[in-house]
Amino acid sequence: MEDQIVRITSRLVAPFIQVYGIYVILHGHLSPGGGFSGGAIFGASLVLVALSFNLEVGAKQISHATASVLESGGALGFVITGLVGVAVGANFLANRAAGFPLGETGEFFSAGAIFIITAFLGVKVASTIVTLFYNIIEGEDKSGDAH
Amino acid sequence: MVDVLTEVLNVLLLLFLVVCAIAVAQIRDMLSAVIVFASFGLIMAIVWQQLSSPDVAMVEAALGTGVTTLLLIAAISKTRRAE
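Chains A and B, in that order, give the protein sequences.
Each residue of the first sequence is one higher than the one before, counting from 100 in my numbering.
Each residue of the second sequence is one higher than the one before, counting from 12 in my numbering.
Hints were generated in silico from the structure; no laboratory data involved.
Worth double-checking, as some hints may not be accurate.
Across the chosen pairs, the derived CB separations fall in these ranges [stated by the list, open to error]: (1) A:F191 x B:T17: 35 to 45 Å; (2) B:L16 x A:N153: 17 to 27 Å; (3) B:N21 x A:I215: 20 to 30 Å; (4) A:T108 x B:A86: 15 to 25 Å; (5) A:G188 x B:M12: 52 to 62 Å; (6) A:H126 x B:A86: 44 to 54 Å; (7) B:A32 x A:F207: 24 to 34 Å.
On a predicted model such as this, the values are computed, not experimentally measured, just so you know.
C-beta atoms are modelled at their ideal positions from N, C-alpha and C, and glycine is treated no differently.
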């Protein structure tokens with residue numbers, strides 16, 4: 100798919116998709132969306148660039164190994180954030196009981212641990228989608244050629 | 012009057028969904044089928060919004076229309092295009 104129009108369009112659109120994905124992730128506790136939706140949007144933009152150019156350009160953004168590490172790191176961060184509650188003496192994934200500052204309702208910093216958990220969830224989902232794409236495109240031979 | 016127009020819009024969207032679903036199964040060209048499936052997902056996202064669940068609509072627009080299409084196109088580029 101050596102198409103100039105597809106390349107220029109995806110190169111122009113990708114930053115806006117990524118900003119929107121980060122917005123959906125960070126406002127997960129205030130508006131519809133959250134870690135899963137925002138992570139899917141962000142991961143889709145990375146896959147879009149890797150598919151419309153080639154795998155070398157995609158690997159310059161985020162390589163297969165980096166995506167795998169981020170995938171595990173997102174899940175690990177989720178569990179560690181949950182274990183903070185256990186360490187303080189409350190339940191797993193406790194929010195106010197674990198001492199997270201709740202802030203004012205409706206403000207950006209207003210949900211304590213939910214904000215942190217959603218961010219880790221977004222990283223996890225985005226890197227999972229990128230890993231899925233690399234697993235399909237590389238296949239068994241790992242030739243590194245997308246087309 | 013507004014309610015009637017909304018009902019007409021909903022029926023039109025659902026009709027388009029049925030047409031898209033049948034077309035995906037009938038089209039022999041894989042790439043065309045994937046594009047029609049993407050439009051199915053887009054209409055489905057609007058239907059979720061009409062059913063007042065914007066959260067699901069957002070996931071449907073991102074996953075059902077975006078990621079599924081990209082992964083299927085990647086799969087087509089690794090195999091052949093005609094059925």
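Kindly indicate which numbered hints from before are broken by the structure, ordering the numbers from low to high. Result: hints 2, 3, 6 and 7 break, sorted rising.
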